[in-house]
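Chains as they are written, first to last, in the UniProt record's numbering: chain A, 1 to 349; chain B, 1 to 349.
Derived from the structure by calculation, the hints contain no laboratory data.
Quantities reported herein were computed from a predicted structural model and do not represent experimental measurements.
Mixed in with the good hints, there may be bad ones.
Repeated chains share a single entry, so a pair holds when one copy, or any two copies, can fit it.
Unchecked claim - Think about it this way: if two alpha-carbon atoms lie no more than 27 Å apart in a straight line, the pair counts; the simulated DSSO-like pairs of lysine-lysine are:
(1) Lys183 with Lys9
(2) Lys9 with Lys343
(3) Lys37 with Lys113
(4) Lys37 with Lys269
(5) Lys221 with Lys319
(6) Lys113 with Lys246
(7) Lys183 with Lys24
(8) Lys37 with Lys9
(9) Lys113 with Lys38
(10) Lys246 with Lys324
(11) Lys198 with Lys24
(12) Lys343 with Lys24
(13) Lys343 with Lys269
(14) Lys138 with Lys209
(15) Lys183 with Lys269
(16) Lys319 with Lys183
(17) Lys37 with Lys183
(18) Lys59 with Lys9
(19) Lys198 with Lys348
(20) Lys59 with Lys209
(21) Lys183 with Lys343
(22) Lys9 with Lys113
(23) Lys24 with Lys138
(24) Lys113 with Lys59
There are 2 protein chains.
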Amino acid sequence: MNFSSITIKDIAAALNLSVSTVSKALRDSYEISEGTKKLVNDYAAQHNYRPNPTAQSLKQGRSQSIGIVVSTIDNQFFSQVINGIESVAYEAGFNVIITQTHESYSLEVNSVKHLAHHSVDGLLISLSTETQDVEHLKELHRQGLPIVFFDRVSDEIETHKVIADNFNGGYNATLHLLNAGYKRIAHITGPLNISIAKERFEGYAKALKQAGVPVDKSLIKYCAHGGRDVAEIENALNELLALQDKPDAIFTTSDRITTLTLSLLHQLKLNIPRQIALVGYTNTTLAGVLNPSLSAVSQPGFEMGQKATQKLLELILAKMPVDKFETLVLPTQLTTRDSTAPKNAWPKV
Amino acid sequence: MNFSSITIKDIAAALNLSVSTVSKALRDSYEISEGTKKLVNDYAAQHNYRPNPTAQSLKQGRSQSIGIVVSTIDNQFFSQVINGIESVAYEAGFNVIITQTHESYSLEVNSVKHLAHHSVDGLLISLSTETQDVEHLKELHRQGLPIVFFDRVSDEIETHKVIADNFNGGYNATLHLLNAGYKRIAHITGPLNISIAKERFEGYAKALKQAGVPVDKSLIKYCAHGGRDVAEIENALNELLALQDKPDAIFTTSDRITTLTLSLLHQLKLNIPRQIALVGYTNTTLAGVLNPSLSAVSQPGFEMGQKATQKLLELILAKMPVDKFETLVLPTQLTTRDSTAPKNAWPKV
DNA sequence: ATGAAAGCGCTAACAG
DNA sequence: CTGTTAGCGCTTTCAT
Chain A
1 MNFSSITIKD
11 IAAALNLSVS
21 TVSKALRDSY
31 EISEGTKKLV
41 NDYAAQHNYR
51 PNPTAQSLKQ
61 GRSQSIGIVV
71 STIDNQFFSQ
81 VINGIESVAY
91 EAGFNVIITQ
101 THESYSLEVN
111 SVKHLAHHSV
121 DGLLISLSTE
131 TQDVEHLKEL
141 HRQGLPIVFF
151 DRVSDEIETH
161 KVIADNFNGG
171 YNATLHLLNA
181 GYKRIAHITG
191 PLNISIAKER
201 FEGYAKALKQ
211 AGVPVDKSLI
221 KYCAHGGRDV
231 AEIENALNEL
241 LALQDKPDAI
251 FTTSDRITTL
261 TLSLLHQLKL
271 NIPRQIALVG
281 YTNTTLAGVL
291 NPSLSAVSQP
301 GFEMGQKATQ
311 KLLELILAKM
321 PVDKFETLVL
331 PTQLTTRDST
341 APKNAWPKV
Chain B
1 MNFSSITIKD
11 IAAALNLSVS
21 TVSKALRDSY
31 EISEGTKKLV
41 NDYAAQHNYR
51 PNPTAQSLKQ
61 GRSQSIGIVV
71 STIDNQFFSQ
81 VINGIESVAY
91 EAGFNVIITQ
101 THESYSLEVN
111 SVKHLAHHSV
121 DGLLISLSTE
131 TQDVEHLKEL
141 HRQGLPIVFF
151 DRVSDEIETH
161 KVIADNFNGG
171 YNATLHLLNA
181 GYKRIAHITG
191 PLNISIAKER
201 FEGYAKALKQ
211 AGVPVDKSLI
221 KYCAHGGRDV
231 AEIENALNEL
241 LALQDKPDAI
251 FTTSDRITTL
261 TLSLLHQLKL
271 NIPRQIALVG
281 YTNTTLAGVL
291 NPSLSAVSQP
301 GFEMGQKATQ
311 KLLELILAKM
321 PVDKFETLVL
331 PTQLTTRDST
341 APKNAWPKV
């Protein structure tokens, strides 16, 4: 069933023209006289004609739509990215299809296949935590599907990438903790195969080294599913708190890990920052009203979505094959709050 | 460009059959011999054949996709609903297309038109705050497009609806405040033309009346855009706090209004609940770790998405026109925390 | 049991 | 400048 307007055929019949003439007139072809164009366009406007996108897709092999693959939309960072994507895509007349991986490799493969199959004209993807192998993307990339990575990128595929400055995000958060007097700084993160975890870890390690603090492996916990399951964080936390030489601060590296860690510390009735300080990556707008107010590294999600989409549209609309690719690095922002108050200036209990 | 597998034509050529035979074999038609079916299906499986959804859409006038219209995905409640929708839709082989209204009537009309035009087989919609007129939906509904409302429904269109028990949500939250000793209970909400605001208000009013507390209009603030703009809440709050007889508690009715109110109360350095208590609708998983921990009315978002999708699929797959419609009402849950601690048992400062 | 042919709505090469 | 025709990939009569 089609719930929309008339077809080109209807216009042709009504105006005693051929469908091709109408089609050309609507597309403002130089072959068509001004008079006919006006006639057709007026009629079309009056009868609220709109081309059937499905037919156009089939015919042209292009769908005017782009596919998005993220871990989950139930996450402020990703929903901000998606809003950024939509703002640019709609402006350019492109439709978006959102799919979620829930951090699973097989769901990611499904999503990508699904999108490719629905003949999206391009793909915006942030890899799932589980993903190690990107063959499913390489294949499509080889066939010419424009792909732009954002957030969690792969270095095995040469294309545009838009990321945040993960190294400095990790570096600044850790440096801030050091400056505030914390020394035993734990790190809860995802597996190092995902780019963001690796880079944030490197920033963390660099800050420690500069301060002459050894990088203690027992303080670093990797959540295989990026904190998808609460148990992952629970285990990490229990192990950290069971150490002889307990950490006095934690640096966490994703929205989910950060907020779950905070919740668990509450459950354990640990005072933040007196018993343990916390700074984490998160884009939640609630950081300032958490208990305690949470020091946070936030990323320009909306802007990341916009930039990634602009680069993708460049690829899609390019006349010539593109062979020069860019990696855009956007700044992160560290906002310090009570959860990392300096040791010599702890808020009163 | 098509980034996927082979076509029916390829199979036909390879097997020396006609396309129609292959098509029928793939669809397990009774007209085709078992032998040929096996031949075709094996070949298809081996070469990873997958039908082109665009072509199927065009041919059948069905797209195996459903459209979703929500105010914004950047909201825990709606992203939970969407996850519920996806879980059912994917199971049934349906694809979903998500669009956002950002509480704007004109964007809603655009979204709906866009979806209808992309020939979705059905529509799941939660109306925007601005929407008063549902002619854009009536029109499509008349033409036979299956529509199911969730959350914010219209009573001008007869179809399935899935909502939360808004009346009791408002009633219980207000009753709880009364029992905790609060008497001057303000109410910040959206315009009464949206169903949820109206019903929640009625619950609020009922609880007050039962307790013999007059409903004071000066304590009720309607945000025309449902709190989309911070200024709306700011004004509401300023007016409330400027009253001779100030409120001692606030009941808010959406994720966004609730969290913004909390943030603003922080900015004003008001102690919650001593100077003013707060209970609000929100599905944020952070309610327990906010400062103070927030008493909240939460809704079963995931389940709402699932139920709505089930009802929609019933309509889409129905052989006969459906004329008996249901309105499912799901329970809400009130979780009481420190932000509404009883007056005689306030947490220490 | 299989195939030829038409057509969903649109575009585009090719004629006229 | 306009029209005829073919075809995107698939389904579906209607032959054979």
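Against the structure, the hints:
For the homomeric pair Lys183 and Lys9, neither the shortest alpha-carbon distance inside one copy (75 Å) nor that between copies (67 Å) is at most 27 Å. Proximity of Lys9 and Lys343 under a CA criterion of 27 Å is satisfied in neither setting, with 76 Å inside one chain copy and 72 Å between copies. Taking identical chains as interchangeable, the C-alpha atoms of Lys37 and Lys113 lie at most 27 Å apart only when they sit on different chains, with a minimum of 25 Å there against 41 Å within one chain. In this assembly of identical chains, the alpha carbons of Lys37 and Lys269 never lie at most 27 Å apart, being 74 Å within a copy and 65 Å across copies at closest.
Taking identical chains as interchangeable, the C-alpha atoms of Lys221 and Lys319 are never at most 27 Å apart, the minima being 47 Å within one chain and 55 Å between chains. Taking CA atoms no more than 27 Å apart as the test, Lys113 paired with Lys246 passes in neither setting, with 46 Å inside one copy and 58 Å between copies. With identical chains, the CA atoms of Lys183 and Lys24 are never at most 27 Å apart, being 71 Å at best within one copy and 70 Å at best between copies. When the C-alpha separation of Lys37 and Lys9 is checked against a cutoff of 27 Å, the pair qualifies only within one copy, where the shortest distance is 16 Å, while the shortest distance between copies is 38 Å.
Taking the shortest alpha-carbon separations for Lys113 and Lys38, only the inter-copy value of 25 Å comes in at or below 27 Å, while the best intra-copy value is 43 Å. Proximity of Lys246 to Lys324 under the C-alpha cut-off of 27 Å is found in neither arrangement, the shortest distances being 48 Å within a copy and 63 Å between copies. For the identical chains of this complex, Lys198 and Lys24 are neighbours neither inside a copy (53 Å) nor across copies (51 Å), given an alpha-carbon limit of 27 Å. Taking identical chains as interchangeable, the C-alpha atoms of Lys343 and Lys24 are never at most 27 Å apart, the minima being 73 Å within one chain and 74 Å between chains.
In this assembly of identical chains, the alpha carbons of Lys343 and Lys269 lie at most 27 Å apart whether taken from the same copy (19 Å) or from different copies (24 Å). Taking the shortest Cα distances, Lys138 and Lys209 never come within 27 Å of each other, neither inside one copy (37 Å) nor across copies (66 Å). For the homomeric pair Lys183 and Lys269, the shortest alpha-carbon distance inside one copy (22 Å) is at most 27 Å, but the shortest distance between copies (33 Å) is not. Proximity of Lys319 to Lys183 under the C-alpha cut-off of 27 Å is found in neither arrangement, the shortest distances being 55 Å within a copy and 69 Å between copies.
Neither within a single protomer nor between protomers do Lys37 and Lys183 lie at most 27 Å apart by alpha-carbon distance, with minima of 74 Å and 69 Å respectively. Taking identical chains as interchangeable, the C-alpha atoms of Lys59 and Lys9 lie at most 27 Å apart whether they share a chain (16 Å) or sit on different chains (16 Å). Taking the shortest Cα distances, Lys198 and Lys348 never come within 27 Å of each other, neither inside one copy (36 Å) nor across copies (43 Å). For the identical chains of this complex, Lys59 and Lys209 are neighbours neither inside a copy (59 Å) nor across copies (64 Å), given an alpha-carbon limit of 27 Å.
Taking the closest pair of Cα atoms, Lys183 and Lys343 come within 27 Å of each other only inside a single copy of the chain (11 Å); across copies the shortest separation is 42 Å, beyond that limit. In this homomeric assembly, Lys9 and Lys113 come within 27 Å of each other (Cα to Cα) only across copies, at 21 Å, whereas the closest approach inside a single copy is 35 Å. Taking the shortest alpha-carbon separations for Lys24 and Lys138, neither the intra-copy value of 38 Å nor the inter-copy value of 34 Å comes in at or below 27 Å. Proximity of Lys113 to Lys59 under the C-alpha cut-off of 27 Å is found in both arrangements, the shortest distances being 21 Å within a copy and 22 Å between copies.
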